[in-house]
Amino acid sequence: MISVEAVTKRYGTFTAVDDVTFTATPGRITGFLGPNGAGKSTTMRVIVGLTPPTAGTAHVLGRRFADLPNPGLEVGVLLDASAQHAGRTGREVLTLAAMTMGLPRRRVDEMLDRVSLTDTEASRRLRDYSLGMRQRLGIAHALLGDPEVLILDEPANGLDPAGIRWMRDLLRGYADRGATVLLSSHLLHEIEVVADDLVVIGNGRIVANGTKTELLATANVQVRTRRPDRLADALTAAGIAYTDASSSAREPDDCRTLHVDADAELVGRIAHRADVALIELRDADGAGLEEMFLELTADTQRDTRQGAFA
Amino acid sequence: MTTTTGPAPAGVTTPTVDQRPVRATPPRHIPLARIITVELRKSFDTRSGLWLLGSIGIAAVLTTGAVMAWAPKTEFTYGGFTLAIGFPMSVILPVIAVLSVTAEWSQRSGLATFTLVPHRSRVLLAKAMGAVVVAAGATLVAFAVGAIGNLVGAAIAGIPTVWDLNPADAGYFALGNILLLLVGFTLGVLIRNSPGAIVAYMVYAFVIPGLLAFLAFNQAWFRDARPWVDPKYNQDLLLHGGGLTGEQWTHLAVTSLVWIVAPLIVAVVNVRRAEVK
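Sequence lines, in order, name chains A and B.
In short: position in the first sequence from 1, add 5, done, that's the numbering used here.
In short: position in the second sequence from 1, add 29, done, that's the numbering used here.
Treat the hints as calculated values from the structure; they're not laboratory data.
This one's a predicted model, so the numbers in the text were calculated from it and none came from an experiment.
Even for Gly, the Cβ is constructed at its ideal location relative to N, Cα and C.
Keep in mind that a hint or two might mislead.
As the list claims (entries may be wrong) - Label-pair restraints from in silico Cβ distances:
#	chain 1	residue 1	chain 2	residue 2	range
1	A	R287	B	R151	57 to 67 Å
2	A	L271	B	A303	36 to 46 Å
3	A	R110	B	R151	54 to 64 Å
4	B	H148	A	T13	43 to 53 Å
5	A	S121	B	L79	27 to 37 Å
6	B	R76	A	T13	39 to 49 Å
7	B	E304	A	T28	56 to 66 Å
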């Protein structure tokens with residue numbers, strides 16, 4: 006259980022995190038999603054007490070992080086896999102953490118095994134590690150104390166596709182055992198596949214917060230037709246929202262693509278009644294969250310999209 | 030920090046969906062001794078750390094050799110050897126203390142350190158105590174190598190061995206080294222950058238004493254005031270052996286308060302408030 010209550014962090018006049026409130030619940034993976042510089046990392050650092058907030062509080066397992074007697078045993082944290090002494094070996098990094106937590110040394114071997122770092126790799130120094138190896142070591146570091154809360158900042162960074170798959174299964178397994186998993190990413194697909202709940206942040210503010218199913222329920226059907234005007238009228242009459250998602254590249258003729266805020270059966274029925282022939286009617290899978298992400302962060306992200314709905 | 034016993038606050042055990050085996054005992058506070066052990070290990074688990082530690086021994090042996098080779102026979106005494114060994118130590122020990130602190134920031138390992146132990150002043154205390162342990166060990170090395178040097182030197186020179194040090198001298202030697210090391214430690218906590226803090230220590234140890242000596246040589250008023258304001262002057266008195274007079278102890282206490290304790294308090298307060306990036 007992680008609860009963030011009205012956390013604000015200002016640096017001079019710049020507000021990095023602006024009145025952020027959310028909860029990550031046990032047994033679920035909470036995806037913390039936002040473009041670069043949106044305030045994800047700062048929020049996570051506030052949660053673990055590395056950054057003092059300007060206002061607000063954060064609690065993990067019902068306590069302030071600093072009040073946890075032996076945090077490593079209760080909260081696994083990976084904020085930056087490269088933030089380790091470059092001259093230490095991977096095994097040494099884990100050994101130090103295990104010593105601090107009071108764990109037996111064999112736990113180090115178990116974790117190295119768990120993240121598939123071989124003995125030779127573990128005895129190399131961190132300056133010779135690839136990003137993917139650092140990431141694996143960082144995950145091993147976070148899992149060392151068998152914690153019931155995991156806080157991971159961009160853990161998929163630098164992992165190869167197999168590694169990403171492995172991590173996804175690992176996090177799922179943890180959540181299924183009742184752990185609270187908070188995972189940040191700026192990659193939509195990564196989060197969409199694995200998360201149960203989503204917290205979307207842009208420019209330091211929460212722009213969406215809810216279960217993935219809820220959030221994906223908007224604009225969830227993609228429909229293509231040669232009579233978009235008639236379909237649009239019928240949808241409006243039925244009180245259903247839609248957006249024009251046509252792209253000139255994909256629509257050479259008079260076709261238009263709409264994203265409709267309803268399920269496929271309803272849209273089909275409306276089209277049938279309005280006597281509109283549909284060329285395509287399908288769940289806007291993948292596009293759903295991406296649309297939402299881009300829309301929600303449109304005015305807060307760095308690169309403004311141009312002519313999306315021309 | 031006495032909240033280890035008593036009922037666990039709400040939320041510590043995860044509700045309903047939790048199928049994880051519940052921990053037999055709730056986690057206990059991390060004892061300071063364990064943090065000291067970890068911090069000591071961190072000082073020597075890298076190649077550079079190991080070499081720094083090794084260099085204490087190497088420098089001790091080399092210095093002993095140098096005394097035998099080049100010093101006049103009148104200096105072939107226990108004190109002569111040991112105090113000579115003390116000189117390189119007074120450089121290496123503070124560097125170890127500096128790096129134990131600054132590496133957390135320069136190498137960014139502080140992210141892990143301060144999340145595993147989210148009480149920064151506790152980590153700093155453990156680092157300081159670890160450094161003192163190293164200084165105590167180094168003192169033993171200095172006196173042991175000094176004794177061997179004294180025996181061998183006297184034998185080679187064919188003169189009677191002179192044992193002119195007593196246990197109190199070992200205490201002074203250790204105290205002098207600990208104070209120098211604490212200066213390095215303070216600079217480390219204050220500056221939090223490895224090169225910056227090491228340079229600052231070198232300026233403190235080698236540049237400023239020269240300038241102050243020059244000033245004292247030329248200005249009579251400063252010659253009298255110097256013991257009250259120059260911490261290194263008093264620390265050197267300790268390192269160069271011999272007991273201090275009551276007034277000298279007062280000088281040492283005053284300069285240590287002003288130049289070590291006060292800045293250290295400011296530095297620790299800063300670290301507690303600062304963001305660990």
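Does the Cβ distance between B/R76 and A/T13 fall inside 39 to 49 Å? holds (43 Å)
Falls inside 54 to 64 Å, the C-beta gap from A/R110 to B/R151? Violated, since A/R110 and B/R151 (Cβ atoms, about 24 Å apart) do not stay within the stated range.
Hint check for A/T13 and B/H148 - Cβ pair distance inside 43 to 53 Å: Distance hint for B/H148, A/T13 is violated at roughly 24 Å.
Could you see if the CB distance from A/R287 to B/R151 stays within 57 to 67 Å? Distance hint for A/R287, B/R151 holds at roughly 58 Å.
Using the beta carbons of A/S121 and B/L79, state whether their distance is inside 27 to 37 Å or not. Because 29 Å falls inside the window, the suggested range holds.
Tell me if the beta carbons of A/L271 and B/A303 are separated by a distance inside 36 to 46 Å. Because 56 Å falls outside the window, the suggested range is violated.
Supplied distance hint 56 to 66 Å, evaluated on CB atoms of B/E304 and A/T28: violated (24 Å)
Of the numbered hints stated above, those contradicted by the structure are hints 2, 3, 4 and 7, listed in ascending order.
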